[in-house]
Structure formats: structure tokens, C-alpha cells
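Novice: Listed below, chain by chain, are the residues.
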Amino acid sequence: MAPWSISDQRIPQGRLALVSYLSVVFVVLLLIGFWKLQVVQSGHFADLAERNRVRSIPIIAPRGPMLDREGRILVDSYPSFSIILLRDDPKSLQKSLAQIEEGLGISREDIQQQLEAAKNEPKFQPVVIKPAASAADIAFVESHRADLPVLELMMVQRRRYPHDEMLANSIGYVGEVSPQDMDRSEGRYRPGDIVGKAGLEKRYNDVLEGTDGMRRVVVNSVGKPVRQLDDVEAIPGKPIQLTIDYDLQAIAEADMADKEGSVVAMDARTGDILAVVSRPTFNPNDFAVRIPQDEWNKLNTDPETPLLNRAIQAQLAPGSVFKIVMATAMLETKSPPETMRAYCPGYATFYGRTFKCHVFGKGGHGDVDLHKAIVQSCDVYFYNVGKQLGIDRISFYANALGLGHRTGVDLPSEETGLVPSEEWAQRVYHRKWYAGETISVSVGQGAVTTTPIQLARMIAGVASGGILVQPHFLKNFPNPRVDHIAISEDTVEKVTQGMYGVVNEGGTAAGARLQNIEFCGKSGSAQVIGYDVRNRLGRQREFKDNAWFVGYAPRRNPEIVVAVLVQGGEHGGAVAGPIARDVVKIYYDKKNARIQQQANAEGPDRSGAPRPLIAIVGAQRP
Amino acid sequence: MRDSPHVQDFDWALLAIVAAITGIGILEIYSSTHASGMAGIQWKQLMWVGFGIIGMLVISRIDYHVLLDQAPVLYLFGIATLLIVLAIGHSRFGAKRWVSLGGGPNLQVSELMKLIIIIVLARYFSEVRTDRLTFTDLVKVAILTVVPVALILKQPDLGTAMVLIPVAVVGAFLTGIDWKHAAVGVVLIALLIPVGMNMRHHLKPYQQQRIETFLHPEEDQRGAGYQVLQSEIAVGSGGFWGKGFGKGSQNQLGFVPVRYSDFILAALAEEMGFIGVCVVLLLYLGLILRLVDNAQKAKDKAGMFVVMGVTAILGFHVLVNASMVIGYVPVTGIPLPLMSYGGSATAFVFLALGLVMNVRMRRFVN
Chain A
29 MAPWSISDQR IPQGRLALVS YLSVVFVVLL LIGFWKLQVV QSGHFADLAE
79 RNRVRSIPII APRGPMLDRE GRILVDSYPS FSIILLRDDP KSLQKSLAQI
129 EEGLGISRED IQQQLEAAKN EPKFQPVVIK PAASAADIAF VESHRADLPV
179 LELMMVQRRR YPHDEMLANS IGYVGEVSPQ DMDRSEGRYR PGDIVGKAGL
229 EKRYNDVLEG TDGMRRVVVN SVGKPVRQLD DVEAIPGKPI QLTIDYDLQA
279 IAEADMADKE GSVVAMDART GDILAVVSRP TFNPNDFAVR IPQDEWNKLN
329 TDPETPLLNR AIQAQLAPGS VFKIVMATAM LETKSPPETM RAYCPGYATF
379 YGRTFKCHVF GKGGHGDVDL HKAIVQSCDV YFYNVGKQLG IDRISFYANA
429 LGLGHRTGVD LPSEETGLVP SEEWAQRVYH RKWYAGETIS VSVGQGAVTT
479 TPIQLARMIA GVASGGILVQ PHFLKNFPNP RVDHIAISED TVEKVTQGMY
529 GVVNEGGTAA GARLQNIEFC GKSGSAQVIG YDVRNRLGRQ REFKDNAWFV
579 GYAPRRNPEI VVAVLVQGGE HGGAVAGPIA RDVVKIYYDK KNARIQQQAN
629 AEGPDRSGAP RPLIAIVGAQ RP
Chain B
44 MRDSPHVQDF DWALLAIVAA ITGIGILEIY SSTHASGMAG IQWKQLMWVG
94 FGIIGMLVIS RIDYHVLLDQ APVLYLFGIA TLLIVLAIGH SRFGAKRWVS
144 LGGGPNLQVS ELMKLIIIIV LARYFSEVRT DRLTFTDLVK VAILTVVPVA
194 LILKQPDLGT AMVLIPVAVV GAFLTGIDWK HAAVGVVLIA LLIPVGMNMR
244 HHLKPYQQQR IETFLHPEED QRGAGYQVLQ SEIAVGSGGF WGKGFGKGSQ
294 NQLGFVPVRY SDFILAALAE EMGFIGVCVV LLLYLGLILR LVDNAQKAKD
344 KAGMFVVMGV TAILGFHVLV NASMVIGYVP VTGIPLPLMS YGGSATAFVF
394 LALGLVMNVR MRRFVN
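One line per chain: the protein sequences are A and B, in this order.
Mapping the first sequence onto the numbering used here, position 544 (from 1) lands on 572, and the numbers just tick up by one.
Mapping the second sequence onto the numbering used here, position 122 (from 1) lands on 165, and the numbers just tick up by one.
The hints are simulated quantities; they were obtained by calculation from the structure and are not laboratory data.
Do not rely on the hints blindly, as some may be mistaken.
[Said to hold, decoys possible] Residues from chain A that face chain B, not an exhaustive set, calculated with beta carbons under 8 Å:
1) Ile39
2) Ser51
3) Phe54
4) Val55
5) Leu58
6) Leu59
7) Gln69
8) Phe73
9) Leu76
[Claimed, not checked] Pairwise CB distance ranges, derived in the manner of DEER restraints:
10) Trp86(B) x Ile263(A): 23 to 33 Å
11) Arg173(A) x Phe120(B): 53 to 63 Å
12) Arg173(A) x Ile186(B): 52 to 62 Å
13) Ile97(B) x Arg43(A): 32 to 42 Å
14) Ala167(A) x Ala63(B): 54 to 64 Å
15) Phe120(B) x Tyr49(A): 47 to 57 Å
16) Ala167(A) x Lys290(B): 33 to 43 Å
17) Arg43(A) x Ala63(B): 40 to 50 Å
18) Thr173(B) x Tyr49(A): 20 to 30 Å
19) Ser162(A) x Ile318(B): 49 to 59 Å
20) Arg173(A) x Ala59(B): 48 to 58 Å
21) Gln41(A) x Ile122(B): 28 to 38 Å
[As the list claims (entries may be wrong)] Sample of chain A residues with no beta-carbon within 12 Å of chain B, all distances over it, derived:
22) Arg186
23) Glu323
24) Val510
25) Val520
26) Lys619
The C-beta atom is built at its ideal place from N, Cα and C for all residues, glycine as well.
Next comes chain A alone, as it looks inside the complex (with noise of 0.2 Å):
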């Protein structure tokens, strides 16, 4: 036996035990470990669990199409591919970026940007790196699924615009969702989602958005898909139907098309918007797709401002468009009386400085009463109705006529306006009103400005007797807004008479006159900056006047309105004039045929007198 094994050393019982009890405290220690793990934190785990095994892939809900007033497809949806890039193995990820940048010719920096904007996303939700995938790139993607699992194929909605630049401006356009808006939304929106950016994509985002779905994958540790999961179905958007008359929009479109300006059309009775055009513009299939960044800094730095929608937000003088509210205000205050006569020698002296009337240099008016004033648009005898009127009687009755404030067109952004004063001139330049200042105010120079929805509901206004409607784009608008303001029978019947003296009587617009249709109308043709300055300047295409013209029909009680603005036409009964006449006459000739229609349909037995077609001239003239 070793001399180091004997037998009867003792063992130390004591403190073996004492081994026994720290085991026993070690399992308890680690016992609760497990607990606070699988017990207490098990829900976080559980949660943790499911997102590691699930990925999820978004199905694109497509946006609502929109229509026009007959259900004719104005913007809707198509499907396309995008290409995402799975970002739940950052380490693959980063070994797959030259790859990719070969494969699909999307920049590293490109790539880590939205890794970037995305790092606070959950990392089983993929980005967006190319949108609208060509056949090539598809063919990239599915050749190199096992080399490339990072990239990944995702089924989209696209917008679709199928008439291009029609309707464009107002209509507007989607896009990516901005981070700013992203915060806002609180979680509904991810990066790469694509919303209504302007317009009524935007005005009506909501009704238009869908509800995205998922297509959820059970992948493996690897990210290798093993089995499919039920998807969450996508809840496609709304349509929404709009007011817009396509036969009217298109013929606005077409008379536009080589000019700068803006035609509003609108149904006189309802302020249903009937046809907007707005040019220069742009073609919002652009937008669809990620839109370049230089195309998108070319566009908002043209100094044609093709993304203004001029129809709601040209500010311009309104020129002599602007008589029938002081006709109106005359007519009203009495003041001038509506005998008031004046003599037009073609110019006009007021506080020592001159005022010429459209006319100067080819002789004057001669004597003019109102009914010859507004036909034949005398500035002379307007520059008298407004000195005897006063700037505040003017204020009041072009506000009173929906001027300097907003129609409340369904459309964001839409302008004000101005509407001058002295309280105006007071407040914004701490000076007072100028005398001389009411007389350029009074043929809608100076510092009157409108924009083309407000002078449209501003003359259907005063057609209609004093109801000025809220001007709007969806067919089932709730509660319009509808004005009534205090205009006596006897200033309807005047001015009426006057602007149905424009078109008919040889008047400004004589060239829009339209064979059995009451059309009736104010032409301008408005400055854009003074006399002086211009010819100071020389003559220059870019200070050519701006030509107004505001038609309806019929006379009284008029169904459509149509405001024309043509920027640099000069000639407001020339130029405007007719683009307004052909738009009216669309309106008629499609309500005619509506009538034969629906007569040749109640049968041969009445069929014995022909009916009557609406708006025969005279037909309402006593």
C-alpha cells in the first residue's frame, strides 16, 4: 500500500455537506433563471419567436380608381413588381450589396440610404430598393435566388394615369411616403409606402388607400422559405367618383393644349367642377415610379410652374371681368344711379394722372350707359362708377362675391385671392388707400387679384340671383356649402342683360356666340403689370395681357359656368372666349342628345311635336 493512501484518515463530512447544500442553492439559482425567462419574460420571447419565423412580405392594397360623372376611368391602378431587399441577415446583406449593385444597377450608397431611413423598422420588415422591376431585373432576381436570398419579389399596385397630362394638376399625384408624414401617421405607414402627394390623391388619400395584406412565409435560420402561412388579404381602396365630364374636359384640354392658363367648367346649380384644365402641366405617370431627383428639381424650379395648379391658384388681376361686380355693387348701392351715363373719348383723367380705356388710340365709346359699358367693356365708365363707389363698397361687394377668400374647393392648397382695402392698405402696408388706386381697382387692376374658380363662381353667382355654391370635384360631396347674398331681381336682369350682350350683341366676345344656346359672358383682358413698368420694359411676350373670359348659359339661372384664363392671350373675347364657347357647347350638345334620347324612348306616340330644346335664345327673355 501507498504510503499516502491509509485508511484512517477522516473524511470531512461537514464539508461535503456544505457542497450538497451550494448545489442545491445553485439549481434554485438557475431554476429561477429558467423562470423569469420561460414564465415571466415568456410572452417577449414568444413574440421574438414568431417574428424569426415569420417573414412577411406586404401585399400592395391597389388605390381606388377615379371616375368621371359617367363612370369613365380617369386614373387606376396596374400591377407591377418590386424588388425588396430582405434585411434580417445584416451579414449577408452587406456581402450581397456588390452583387447587387452589378445585378440591378442600384448604388451601395443608394441601398445603405434606405437601410438607413429604415433602422428603426422591425428587421423582418424588407425595403423597397426597386420599384417597377423590368423584365430584366425580374429575370436578375429569380436567377440568383439561391446565391441572392436578400432580394426578393413583392406584387404592387401602380398608379396608372391613362390620359396622361389630362386633368393632371388637379388630380395630382402619389408618391413615397415622406418621414415627416411617417411620424405623423403613428405606425400606419412604412417607409416606401406610396400615398397621394397633391391634389385630390392626396385630398381624398384615405378614401383612395387600400388596407396592405401579407404574405407570410415561414422561414428556416437560414431565411430559406419552408412553408406558406394564410395571407392577410389586401383590402383594395375606393373608387371615387368624380364630377368631371370627360367630353368637356377633353375639349378643354384640346383648345389648351399650346396655350398657359386655365379653364374651369362648373355646373352653375350644384358647383359640381365639370372640366379643369391647368397648363403648362405635367404628366403624373412620372410620379408612379420613384420619380428622379433632377427631373423633380426641373419641374418644381420651372419658371412655368407646371405643378401650379392654375385653376385654384393663379393669382392674377382679374381685369374687366371684375365689372360685373362693380355693376353689381352699383346696381345694388345705387350709387352711381343706374341712369349714370358717362362719355368715353377713349381715356379719362383722375387726381391728375390719366386712365385709359382699352380703346385708346382707336378712338372712344363715345356716350356709354351700363348696359353699353359692360357689352362693349368701357373703362372709362367704370372708372366713374368706382370713384363715386369708394374702395370699401367695392371690398365689400367682391367679398361678398366669394372674391379674396377661398371657394372651398375640394382640392388642397387652393389660394385666397386678394381683395383689396382700406383697411388692407392700412394693415399689410401701414399707409393709407390711395384714391387713384379705387379707379385701377375698378376695372380689375391694381392690387385686385382672383383666381379662375373664384371668378366662375363669382359670375354663376350672379346669373343665379345670389347663390354662390361651393365649387367641388367629388360626385357625392357632402353638404356643399351654399351662399346667399342680397342681389335684387331688377341688378340680376341688368347685368344679365349686359353679359348676354358680350357674346350676342356684338359686344367683346362676339366671336363666342353660340346658335340657340343663351351663352352669355365677361371678357378681360388684364394687365399683368402697369403700363408704365411694361414700357419701361419694351415689349416683351412675358407681359403680354392676360385674356379673361368668363361664360354660362343660359342667361338667367345658368347650368354651366366656364372661367378661361389665357396667359399672354390679350384678347380676353378673342382668345378665351371660344375655348369657354367650346365647352359649353359640348355641355349642350350632350344634354340635347340626352333629351332625344330619353324622348325617342317614351315612345312614337308623343313623338308627334318635336320637344323643345332647352335654352332657346329668347326663350326666357321677356
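Given chain A, put chain B in place with the hints provided.
Specialist: Coordinates of chain B only, in the frame set by chain A:
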């Protein structure tokens, strides 16, 4: 008193616990791998268990006194083998731990060193005549331990290297130690932890990363921290009752790292829940308590030290592995004895248990 040891004197209660743990381990290995390319490895594990049992029978036949007599030779043999491994052994999983046995199964020689250190330190401690270890004794124990630790660390195998230390610590505690020395030891270890952390650049990259990951697990989800996180997710999502055998998504879809080996407890926790973990940990507690009982009943101090050496290593394995699975300690590659898949580790446990049986069946023999 009988004059020769018999197999009937084996600790059958202990072996029943071992059988239960091994059985659960093999089932979980099956569950973790049946749907993968590794399907069928439970049979290999069963084969290793078979080899282990044969080894256990063999080693129990050789009187542990004979083994202790040969301690210096064994020690030198062990050191020499470790040196050879360092020179010629081939790498697997980034570390040289394996030596090829002429076309046969590869043996992790550091596992052998665990057995040798048990025997060597048992011999050393049993020769101590004083009530307390002197300073010289402590230095000698430290040197005996540190040499193989350093060699294994050089492979590098942090886990196995650390496992040798508890044998010395438990042995010193049982022999008796001056409280001042103990205090110095505790302070030294406490100081060594931050020093070790600061000397990370002396570690292999994967070791550095493991420590980094342990300190900041959320930073790199796909690196080593990913493993810990996935393990915690598996454990946590298992809940109280578990997801059911073969139904753990973390386990079945391969999110749990080496789920059939080092992280088998995570796989089990996911599928069997807290209840399953309780059963397994209580079985291990039973195993440890039963081992301590054998130590208490040993015939001499030498036998006691042998049994407690085995206990120290197995206990340390269970403690560190379970702590790792729930993210309490860094990932060090210490398997769970009897459950983790692996030939050398399984063989070691059975050989170590052979030593315990060896001591037990000789408690009445003179």
C-alpha cells in the same frame, strides 16, 4: 467484509439518474435533428453511450489506488499528448482539440486530461497531512493545474481549460484552507476577471467576440450575440408547458445554435417548457447529491477526492452550460454532460463515472 469488488456494488440509483438524463438527451437530439441533414445522430450518440458504459466497466475494475500510484506518469502522459495535439492536431471549429486515432473516431484529448487531473489532484490532496494547505501546497496545486489549463487554452479551448480549475478549488476546500489564503484566492479571481476582460486581445478572435457579445448582446444580432439571443428566445418562448416535443420553431427551424450539442438545454426548454427544465435540473441535482453521498462514504480521502473531482467537473459543466443557455455567462463551448451530442464528452462522463463506481465498490474492501 468482502475481499473483492463486485459489479453489484455499483451505485444503481446513480446509474438510474444517469440513464434518465441520457435518455432525455437522446430524445432531444432526435427532435433537434430529425428534420435536418444530421438526422440519425441519436444512434451515434447511443453508440458513444455504449462505448462509455464499456469504458466505465473497465475503469471500475482497475483499483483507483493503482491509478493514483501512476499519477505522475499519467500527468506527464497527458501533458505530452496535449503538446502533440498542439503540434499536429487538426482544427475543427477553429480550434485544435482533436487527435486522429488512425482513421478511427477523433478523440478530444483535453477530455482525457480532465480524467488525469482528477487523479493527479486526488493523489496530491490525499498526501497532505496538515489540517490546512500551506502556501507551498497551494502553489504546487496551482502549478499542477495551470500547466494543462494553459496548454488547453492554447488549442484554444476556453471551456475545457476552465473546467479543470474547479477540481483544484473543490479539492483545496475539502482539504482545508487558511481563510487568508482563501480570501487572497477570491480576491485574485475577482481581479483576474476584469484583467482577463482587458486582455481580450490575447484571446482568439472568437473568444474576444464571445466576451464582447456577452457584454453587449443586442449589438450584433447575427454574430455571437445572435446565438445567445436565439437561445434566450427559444427558452423564453417555450413558456411553462413548452411547445411540445418536435414542435419548437426555434429548434426545428435551426435558430438555436448547435441545438443538439451545447444548446440542447435551450432546445429542451423550448419544447418541454419550464416543467421539462425543472425535471432535468432536478435530475442533475440528484446526480450531484448522489455523487457527494458517494464521496462521504468513500473508504479513504483519496477515494473521496476522486469522487469529488468528478463531481466538481460535472457540476461546473451543468452550472455553466445552463447559465449560458439563459445568457448569464458568455458562450464558452461547455457541453451539458450526458445530454449534449458528442463522443469525447460523453465518453469522459462515463469514464469519470467509472472512477466513482471504482471508489464506491471498494468502500468495504480492504
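Novice: Against the structure, test the hints numbered earlier, and report the numbers of the ones violated in rising order.
Specialist: Of the numbered hints, 10, 15, 17 do not hold.
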